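Fit chain B to the given chain A structure using the hints.
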Amino acid sequence: MMTAAEIPLEHVLVLAVLLFLIGLTGVLVRRNVIFLLMSLEIMMNACGLAFVAAGARWADPDGQIMYMLVLSLAAAEVAVGLGLVLQLERRMRHLDIDAASELSG
Amino acid sequence: MEVVLFYIAASVSVVSTILVISRSNASHALVYLIVSLLAVAVVFYLMGAPFAAALEVVIYAGAIMVLFLFVVMMLNLGPSSTAAERAWLSPGMWIGPAILTFILFLVMLWVLIGIPDSTSGVAVTPKQVGERLFGSYLLAVELASILLLAALVGAYHLGRRYMRARREEIG
Chain A
1 MMTAAEIPLE HVLVLAVLLF LIGLTGVLVR RNVIFLLMSL EIMMNACGLA
51 FVAAGARWAD PDGQIMYMLV LSLAAAEVAV GLGLVLQLER RMRHLDIDAA
101 SELSG
Chain B
1 MEVVLFYIAA SVSVVSTILV ISRSNASHAL VYLIVSLLAV AVVFYLMGAP
51 FAAALEVVIY AGAIMVLFLF VVMMLNLGPS STAAERAWLS PGMWIGPAIL
101 TFILFLVMLW VLIGIPDSTS GVAVTPKQVG ERLFGSYLLA VELASILLLA
151 ALVGAYHLGR RYMRARREEI G
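Chains A and B supply the protein sequences, listed in that same order. Numbers 1 to 105, taken from the working numbering, label the letters of the first sequence in order. Numbers 1 to 171, taken from the working numbering, label the letters of the second sequence in order.
Only chain A is shown next, with the shape it has when bound in the complex (with noise of 0.2 Å):
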């Protein structure tokens, strides 16, 4: 059996809120979309992390199995995401998300 650090688990808990709020400031203060998708990214890998604590914690496979379809789920947002990035380039000339806003009509 492999042994590994006994890390306090609200370490690890409070190391993924703060992540994820820096994540979140991120998305409410950017406004380039580059740097949106970006905060997402941050945001998403906070969650991972909470999920692979999680699993640390009873020693149990499952959290790392959440992680893995966390990474497939941030996978397929930015391979769309990068896609609407190049089309709001192409239309708008520049990468301010309010640009977008236009599309509401």
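Heads up, some of the hints might be wrong.
What the hints assert, rightly or not - Result set (DMTMM-like, lysine to aspartate or glutamate): computed pairs, CA atoms no more than 25 Å apart in a straight line:
| no. | chain 1 | residue 1 | chain 2 | residue 2 |
| --- | --- | --- | --- | --- |
| 1 | B | Lys127 | A | Asp60 |
| 2 | B | Lys127 | A | Glu6 |
| 3 | B | Lys127 | B | Glu2 |
| 4 | B | Lys127 | B | Glu142 |
| 5 | B | Lys127 | A | Asp62 |
Bear in mind the hints are in silico, worked out from the structure with no lab data behind them. Small disclaimer: the values here were computed from a predicted structure and weren't measured.
Chain B alone, transformed into the frame defined by chain A:
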């Protein structure tokens, strides 16, 4: 000793993530994001999840970040875009959201203080993960593959029209 390593990796990831959202140049922010993801991979490894740590390095810091880098280079964001970003990043812009999310952080801190517990200290090997993944979670794997296929088709559709327009512009 290993717990000390956790605190070092955790501080590296928090500091580099703060630098990600405060950069005005997209490629600099991406490099900091890669550093942050590598630090989180170290945390995964210390918690006894070597498979998740490897995935974090290979897929997140490798594949997804390279995708970002390609798009940033394709769009060729020049100095004018960096200047616009800098103008948007004035303190009046970020102080409000920062205070609000700090309040959320304090609330979560208050909730989390009640659980004095630690991780098990037993590593979960890739073999265990694989057995569970292709055992009871087989349906989830299939659903994830359908999601990725849908994303593939969507990204191809969006990108194809862009590349055609781009070729016509060039001549």
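Results of checking the hints against the structure:
A hinted pair counts as satisfied when its Cα atoms are at most 25 Å apart, and Lys127 of chain B with Asp60 of chain A qualifies at roughly 12 Å. For the proposed pair Lys127 of chain B and Glu6 of chain A, the alpha carbon gap of about 21 Å is at most 25 Å, so the pair holds. For a cut-off of 25 Å, the pair hint linking Lys127 of chain B to Glu2 of chain B stands: about 24 Å separates their Cα positions. For the hint linking Lys127 of chain B to Glu142 of chain B, the alpha-carbon distance of about 19 Å falls within 25 Å, and the restraint holds.
Straight-line distance between C-alpha atoms of Lys127 of chain B and Asp62 of chain A comes to about 13 Å, which keeps the hinted pair within the 25 Å bound.
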